[in-house]
Amino acid sequence: MSFLQPLVLIGLAAVAVPPLLHLLAKRMPPVVMFPALRYLKATEREHSRRLKLRNLLLMLLRMAVIALIVLAASRPVANVGAGRMHPPTAVAIVVDNSLSSGAVVSGRTVLDRLRGRANQLLADLAVGDELWVITADGQPRRMGGTEATAILDTLSPSPVRLDLANAARQAAAVVERSSLGARVVLVLSDLQATAFSTGDPIATGSMWLDAESTPPNRGIDSAFAEPVLWSPDGTIVVGVSGDEGNAAAVQVSVGDVLLTRAVATPGAHVALAGSLPAHGWYEGVVELDPDELRADDQWWLALRSALPAGVRFDIRAGVFVRDAVEVLRSGGRVVNGSAVTLSDELGSQVTVLFPPNDPARVGAINRELAARGLGIGFGPLESGEWIIEGMFDAIAGTAVWRRHRIAGDTKPLATVGGEPWLVREGDVIIVGSRMDETWTRLPLTAGFLPFLDFMINRVAAAESWIERVHPGDLVVLPRRRHRSCLLVGRSPSQRIVRSAPHSRTGCSFSPMRREIRLARSR
Amino acid sequence: MSDRVDLLDPFEVAQLGDIELVARGVVEGFLAGLHRSPFRGFSVEFAEHRPYQPGDELRYLDWKILARADRLFVKQFEEETNLRSIIVFDVSKSMDWCSGERSLTKLEYAKRLVAALALVLIRQRDATGLIAFDDEVRKVVQARARPIHWWQLLRALVELQPGLGTVAEPALRKVTDLLRRRGLVIFVSDLLVEPVLVQRTLQFLRHRGHQVMVFHIMDPGELYLEGPAEARFEDPETGSSIIARPRELRSVYEETVRRTIEEWRAALRGSGMHYHHVLTDMPFGDVLRRATVSRTRLG
Numbered sequence: 025m026s027f028l029q030p031l032v033l034i035g036l037a038a039v040a041v042p043p044l045l046h047l048l049a050k051r052m053p054p055v056v057m058f059p060a061l062r063y064l065k066a067t068e069r070e071h072s073r074r075l076k077l078r079n080l081l082l083m084l085l086r087m088a089v090i091a092l093i094v095l096a097a098s099r100p101v102a103n104v105g106a107g108r109m110h111p112p113t114a115v116a117i118v119v120d121n122s123l124s125s126g127a128v129v130s131g132r133t134v135l136d137r138l139r140g141r142a143n144q145l146l147a148d149l150a151v152g153d154e155l156w157v158i159t160a161d162g163q164p165r166r167m168g169g170t171e172a173t174a175i176l177d178t179l180s181p182s183p184v185r186l187d188l189a190n191a192a193r194q195a196a197a198v199v200e201r202s203s204l205g206a207r208v209v210l211v212l213s214d215l216q217a218t219a220f221s222t223g224d225p226i227a228t229g230s231m232w233l234d235a236e237s238t239p240p241n242r243g244i245d246s247a248f249a250e251p252v253l254w255s256p257d258g259t260i261v262v263g264v265s266g267d268e269g270n271a272a273a274v275q276v277s278v279g280d281v282l283l284t285r286a287v288a289t290p291g292a293h294v295a296l297a298g299s300l301p302a303h304g305w306y307e308g309v310v311e312l313d314p315d316e317l318r319a320d321d322q323w324w325l326a327l328r329s330a331l332p333a334g335v336r337f338d339i340r341a342g343v344f345v346r347d348a349v350e351v352l353r354s355g356g357r358v359v360n361g362s363a364v365t366l367s368d369e370l371g372s373q374v375t376v377l378f379p380p381n382d383p384a385r386v387g388a389i390n391r392e393l394a395a396r397g398l399g400i401g402f403g404p405l406e407s408g409e410w411i412i413e414g415m416f417d418a419i420a421g422t423a424v425w426r427r428h429r430i431a432g433d434t435k436p437l438a439t440v441g442g443e444p445w446l447v448r449e450g451d452v453i454i455v456g457s458r459m460d461e462t463w464t465r466l467p468l469t470a471g472f473l474p475f476l477d478f479m480i481n482r483v484a485a486a487e488s489w490i491e492r493v494h495p496g497d498l499v500v501l502p503r504r505r506h507r508s509c510l511l512v513g514r515s516p517s518q519r520i521v522r523s524a525p526h527s528r529t530g531c532s533f534s535p536m537r538r539e540i541r542l543a544r545s546r
Numbered sequence: 002m003s004d005r006v007d008l009l010d011p012f013e014v015a016q017l018g019d020i021e022l023v024a025r026g027v028v029e030g031f032l033a034g035l036h037r038s039p040f041r042g043f044s045v046e047f048a049e050h051r052p053y054q055p056g057d058e059l060r061y062l063d064w065k066i067l068a069r070a071d072r073l074f075v076k077q078f079e080e081e082t083n084l085r086s087i088i089v090f091d092v093s094k095s096m097d098w099c100s101g102e103r104s105l106t107k108l109e110y111a112k113r114l115v116a117a118l119a120l121v122l123i124r125q126r127d128a129t130g131l132i133a134f135d136d137e138v139r140k141v142v143q144a145r146a147r148p149i150h151w152w153q154l155l156r157a158l159v160e161l162q163p164g165l166g167t168v169a170e171p172a173l174r175k176v177t178d179l180l181r182r183r184g185l186v187i188f189v190s191d192l193l194v195e196p197v198l199v200q201r202t203l204q205f206l207r208h209r210g211h212q213v214m215v216f217h218i219m220d221p222g223e224l225y226l227e228g229p230a231e232a233r234f235e236d237p238e239t240g241s242s243i244i245a246r247p248r249e250l251r252s253v254y255e256e257t258v259r260r261t262i263e264e265w266r267a268a269l270r271g272s273g274m275h276y277h278h279v280l281t282d283m284p285f286g287d288v289l290r291r292a293t294v295s296r297t298r299l300g
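Heads up: the sequence lines are chains L and A, in that order.
Residue numbers in the first sequence follow my numbering, run continuously in steps of one, and reach 546 at the last position.
Residue numbers in the second sequence follow my numbering, run continuously in steps of one, and reach 300 at the last position.
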C-alpha cells in the first residue's frame, strides 16, 4: 500500500487529542451540591469497572475515527490483485520506438518487450483516467485504452531519433494541463544514453521502464557549423553521446568527398575544421563509426559557403571599426571591395551607416535617405544608459550611453531600451550609436569582431540563417532578399534536396507568405 | 383546578402563608374530604348514623338500613383515644436542599407536613410530641393532647434550622423515654443515613409495641441524575465528593435509587412498620391520605 498524499499522515498526531483532552479537561469540573451522594457513590462503586472499560473503548474508538479520517485523506492506494485501485490519473506513456528498439535481445525485439510492458500498463487503467501516448515522433496524442492498444500493436521501429528527455518534458506538460489530481509520466525505453539531451528536470512523477539489457551504443547528439557561414573555411562542432569509454571516429563528408575526420569520446564535443570547395550550399553528413545500433550514427546538416564580402571602409566610422575590419581582412573574413560600405555617410551599394561625428550632418543624411525612398533616419541624440537586446547573442547585454533615436516603422534587428538601435531597410543598415567608447561599450568587448563579421557577411551581404527544424515545424523566413536555400532533414528518409526558392520539390514554399512548411518525404 | 389547599402544589401552598396557616388549610381540607377520624384509637364506639356521601368507605355503610328502608346511611364512631405519638424529625443539612427554584426544600416541606400531622393528631385528642435531630438530638417537645399544645409544636418547628450530619439512633432511643406505653412513632427523614442501624433501632421500637410510621422525604431531583457533562458532586453534610458524568450513570443511578427505596419499604413493612415515600412536589393532602389509608389497613 502507498499513499498519494503522504504529508497528510502528519495528521496522525491528532490521534493524541482525545487522551490529551481527557487529561486536561478532567481535573476542574463544576461543583454540584448533591445530598444523595450516597446513592451516586453506590452506583459508581457497582459500575465503575464497566464504566472504565466503556470509557476506554470510547476513547479508542475516537482515536480510531481520527486515524481513519487522516488515513483516508492521505489517499491510500492498494496494489492488490487484478483490480488495482488508483485515483483518476492523467497518464502519459512515452514509447521509445526509435531504431534502437528494433534490436533483438534474447530472440525478441526490444520493441516487443516495450509493447508488452505498455499493454500491462494499459490494462491497469481505470475508466476515469486520461491517457496520452507519445511515440518516436514526439507528438503527444490523447486517446483511450483500446485505441492505444491498437496503435501499440502496429508500432514498428522508426528511423527518427527520439529525445527521451524532451519527450518526458512534453508528456509532463500535457498531464500538468489535466484537471485530474494524480499525474504520472511513464517512459518505456531501452534507455540508451544517446537518447538523452540536457534540459530542465520535470516536476511530474515519472517512471522510467527499460527493456532489460540492450547492446552498448554511441551516437551523434548534435552537429552544427561554426560559423554558420563559411568563407570557405569553417568548423563543424559534433556532440557525441553514449556509453562511456567507447571512443569512435567521426567524419564529415560533403557528397562523396571526405571533408574532415577526428576521434570522439561519448559525452564530448569535437570541432572538425574543414573547407568547402566553392561558395554555395552543401549537404553535409556527419558519420560516426557504426555500432550495432546504427540509427544515431549519422547526422545530416546544411553547410553554406560564401565569398568574403568586399568592404569599403571610411575612417569617419571610427578607429575601432577600422582596426576590426583590418583583423577580419587578415583572417580572410572580408576582402577589399565595394559591396559593403562602413561609413557615416551613404555609399553607392549596401551601407552600414553609423551616426556622424558632427551632429550638424544628421539633417543632410536624413534628407539623402528620404531621397532614396527610405523611411528610416537618425532621430534626436540622447544620453543615458541602455542595454542592447536583439538578434545577436554576442552583443546582447552590452551597455550603450549615447545613441540617436531611429525614426521609421521598420522592425529593428536590435533595440536599446525597447527602441530601435539597429535597423535595415533596403540597402542601408543604420546603427544608433558610433563605435566609440564614449557612445557604447561594444568596441571594447570580445563580441565586437563577431558583430562586425555578422553585420558584413550575413546582414549586409544577405547571407542569412540556417534554421534547425523538425518535420511539421513552421519556418518563417526573415524579410530579406533570399538568394537560395537548402533544406536538409535529419535522416535520409526526411532529406529534402536542394530546394530553390521557387521549387516546390519536397516542401511547400510561398515567397509571398515567406513561409516554408516542411513535409515528410515518405 | 381544585380549591382545596391540601390538594394544591406544595410550593404554591407555601406561598399562601406561614406554616400555621398552611397546616390548618391542609388539615381542614383533608378532614373535610375524609369525614371521619383519620387515626383510630384503641377504643372506638358507635355514635350515630348520617347520610352517605360520595367518598365514604363502603365498609361503614349500614346494610341493615339499606335493606330495610332502601336508604344509604353510614355509621359514625366516637373515639376515646389516649394515643400518644412522637414525631421524630430529621433536620440535618441534607434536608436543606431542593433541586429547583420553584420547589420547597425537603426541610421546609417536612416542617409543613409535620405541622399538619400534629394538628390532625391533636384534633383527635392524641398527645403529640416532637424530637428534632441532626447528628444529635436538637429539640424535644413533650407529648401533650391539649389543643394549645399544637402551638408549642408549631413554634418549635418554626425555630428549627438546618443542622449538620445525620445520626438518628440517639433520637429514636430518646423516644423510649417519652413513650412509656404503646404509642405512635412518626419518623420523618430523607433517610440518608446508615440503613442497618436505623432499621434496627426502628425494629426495637416496634418490638416495644409502638406503631412506627416512616415518611421518606425525597426531592424529585434526587430520583434522577442531572447536571453538566462532567461534574464534581459534593455531599453538603460530609463535604465528600465524587467526579461523575451524569450521562454515563443516569440509568444505573435511577436503578440504584429505585432499589434503595424498595429495600427500605421491604425492610420496614417486613417488621410491621408503615413506609411512605414522599416527594416534595406531592400535595400534602395526598400524603396524609395515603398515611391514613395504610394505617387503617394495617391497624
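Check the hints yourself; a few may be wrong.
Said to hold, decoys possible - Now the in silico label distances, taken between C-beta atoms and shown as ranges:
id : chain 1 : residue 1 : chain 2 : residue 2 : range
1  : A       : Arg-209   : L       : Arg-78    : 45 to 51 Å
2  : A       : Arg-5     : L       : Arg-78    : 46 to 52 Å
3  : A       : Gly-273   : L       : Met-52    : 29 to 35 Å
4  : L       : Leu-36    : A       : Glu-195   : 48 to 54 Å
5  : L       : Arg-78    : A       : Gly-273   : 50 to 56 Å
6  : L       : Leu-45    : A       : Glu-256   : 54 to 60 Å
7  : L       : Ala-91    : A       : Glu-227   : 52 to 58 Å
8  : A       : Glu-227   : L       : Arg-99    : 41 to 47 Å
Stated by the list, open to error - Derived list of chain A stretches under chain L, where covered just means 3 residues or more per stretch with a C-beta under 8 Å from a C-beta of chain L:
id : region
9  : 61-75
10 : 229-238
Don't read these hints as lab results, they were simulated from the structure.
Using N, Cα and C, we set each Cβ at its ideal position, and we do this for glycine too.
Each hint, compared with the structure:
Distance hint check for Arg-209(A) and Arg-78(L): the Cβ-Cβ separation is about 50 Å, which falls inside the suggested range of 45 to 51 Å. The hinted window of 46 to 52 Å between Arg-5(A) and Arg-78(L) holds, with their beta carbons roughly 49 Å apart. Separated by about 51 Å at the C-beta atoms, Gly-273(A) and Met-52(L) break the suggested range of 29 to 35 Å. At roughly 53 Å, the beta-carbon separation of Leu-36(L) and Glu-195(A) lies within the given 48 to 54 Å, and the hint holds.
Taken as a hint, the range 50 to 56 Å is violated for the pair Arg-78(L) and Gly-273(A), whose Cβ atoms sit roughly 43 Å apart. Between Leu-45(L) and Glu-256(A), the C-beta spacing of about 30 Å breaks the proposed range 54 to 60 Å. A hinted range of 52 to 58 Å for the beta carbons of Ala-91(L) and Glu-227(A) is inconsistent with their spacing of about 35 Å. With their beta carbons about 45 Å apart, Glu-227(A) and Arg-99(L) fall inside the hinted range of 41 to 47 Å.
As drawn, the region 61-75 of chain A meets chain L at 0 residues by the rule of a beta-carbon pair under 8 Å; below three, the given contact is violated. For the region 229-238 of chain A, the stated coverage by chain L holds: 9 residues have a C-beta nearer than 8 Å to a C-beta of that chain, and at least 3 were required.
Consistency with the previously given hints fails for numbers 3, 5, 6, 7, 9, ordered from lowest to highest.
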